[in-house]
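Let the sequences and hints guide you as you build the complete structure.
Numbering follows the numbering used here, in which position 114 of the sequence shown is assigned residue number 114; successive positions increment by one, without gaps.
Everything labelled a hint here was simulated from the structure, so no lab data went into it.
Just so it is clear, the structure is predicted and the values come from calculations on it, not from any experiment.
Don't take each hint at face value.
As the list claims (entries may be wrong) - Distance condition first, Cα-Cα at most 27 Å in a straight line; then the derived DSSO-like pairs of lysine-lysine:
#, residue 1, residue 2
1, Lys297, Lys46
2, Lys202, Lys301
3, Lys102, Lys147
4, Lys102, Lys24
5, Lys323, Lys167
6, Lys301, Lys46
7, Lys102, Lys46
8, Lys167, Lys84
9, Lys323, Lys168
10, Lys259, Lys168
11, Lys297, Lys202
12, Lys84, Lys259
13, Lys301, Lys24
14, Lys46, Lys202
15, Lys323, Lys84
16, Lys147, Lys24
What the hints assert, rightly or not - Listed next, with one range per pair, are the computed distances between beta-carbon atoms:
#, residue 1, residue 2, range
17, Glu115, Ala295, 31 to 39 Å
18, Gln78, Thr162, 32 to 40 Å
19, Met270, Trp204, 55 to 63 Å
20, Thr23, Thr95, 27 to 35 Å
Virtual Cβ for every residue (Gly too), placed ideally from N, Cα, C.
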Amino acid sequence: MKKYIATMLFMAISIVQAQEEATKWTSGRPDGHAPISVMGDHTHSKGEWMFSYRYMYMNMEDLNRGSSDAPYSDALSQYMITPKSMPMNMHMLGTMYAPSNKITLMAMANYTAQEMTLGNIMGGEFNTESSGFGDLKLAALYTFFNKNSQQLHAQVGVSLPTGSIDKKDITPMSAPNETILPYPMQIGSGTFDTNLGLTYLKQWERLSFGSQVKGVFRFGENDNEYRLGNEYSINNWVAMPVNQWFSFSGRIKWASLGKIEGENPDLNPMMVVTADTANSGKTYAEAGIGFNLYAFKGSLKNLRFGFEAALPIYQNMNGIQLKNQETLTFGLQYSL
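Shown next, in the form of structure tokens:
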């Protein structure tokens, strides 16, 4: 009888554990990862690795003063030169490794290439370009809980100033010599920055939801006597798996970017809009739609492809600045 009772208890405990395991949040479905533009959205089980590549294209064009459109003539009434457009291409390589079920380590490097078209008060136009590797980001993700198809995890990280803040190019005023480029054309921050985040995930059978709060906090000043503004953002997304390998997603983000503190003494803030730190910092919101493809079996198992297109729905600038336009992101993620 005692053996029978012990066996029954063991079976009951096993069933409960299996049910708890089955109701955990899982990445083993197409919507198990956030839209591809969101970083640090998920964790891994002990011993798992993940490698990722992302490509992002972001375009900035036309001007805003505050939250209203501004003609180029508005900027040229105050400055000799105004920006007109700035497309940017970024390639991001990432890796994640989980030494335990509670902790996932993450590293991300990026290479940026960008070009700015500018107009001067005489009606002429010229271009400047910059490219290079950006700041290296290292982080640890800690899982507070994963049960009832819900997960909550925190992110604590640091950004190392490996990106250049001394990019130069030839302009009509400096020819044939190169001159230091304004703040938006620099690749890095020049400071050691702290990155903090908190992510909540919830899954249902036919739907999933995620919410992420993040902050980038900058301290001191860089070698060029300035510091970029702090960044704060809230990302919310929903995704719907159509089947085992495909899901749609929708995302809304609100973000605030602080003004640049200090100024580079080699820049003339009266010459060009982008050299005046009064024209820095903004609050904006964007909406994105996308999809994930997930290989759940076969030789490509655990390989996923994501795509997202995003557009701004609100922008409020400090001073006068280029407006965000379309942002396209796609990438590959492979877990093993």
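Agreement of Lys301 and Lys24 with the hint, judged by alpha carbon distance not exceeding 27 Å: The given pair, whose Cα atoms are some 21 Å apart, holds under the 27 Å limit.
If you draw a straight line from the CA of Lys323 to the CA of Lys167, is it 27 Å or shorter? holds, 23 Å
Agreement of Lys102 and Lys46 with the hint, judged by alpha carbon distance not exceeding 27 Å: Holds, because 8 Å separates the two Cα atoms, which is no more than 27 Å.
Does the beta carbon distance between Gln78 and Thr162 stay inside 32 to 40 Å, or does it fall outside? Holds: the Cβ-Cβ distance is about 35 Å, inside 32 to 40 Å.
Check the following: the C-beta atoms of Glu115 and Ala295 are separated by a distance inside 31 to 39 Å. Given range 31 to 39 Å: holds, Cβ gap about 36 Å.
Distance restraint between Lys297 and Lys46, which requires alpha-carbon spacing of 27 Å or less: holds, 21 Å
Taken at face value, is the distance from the CA of Lys202 to the CA of Lys297 at most 27 Å? Between Lys297 and Lys202 the Cα gap is close to 24 Å, so the pair holds against 27 Å.
Measure nothing beyond the straight line between the CA atoms of Lys46 and Lys202; if it is 27 Å or shorter, mark the hint as holding. holds, 21 Å
Between Met270 and Trp204, is the Cβ distance one that fits in 55 to 63 Å? Taking Cβ atoms as reference, Met270 and Trp204 lie about 57 Å apart, which means the hint holds.
Please work out if Lys323 and Lys84 have their alpha carbons no farther apart than 27 Å. Holds - the C-alpha atoms of Lys84 and Lys323 are around 10 Å apart, at most 27 Å.
Can the restraint linking Lys202 and Lys301 be considered satisfied, given a maximum Cα separation of 27 Å? The given pair, whose Cα atoms are some 23 Å apart, holds under the 27 Å limit.
Does Lys323 pair with Lys168 here, judged by a C-alpha cut-off of 27 Å? Measuring from Cα to Cα gives roughly 23 Å; hence the hint holds.
In terms of the numbered hints stated before, the structure departs from none.
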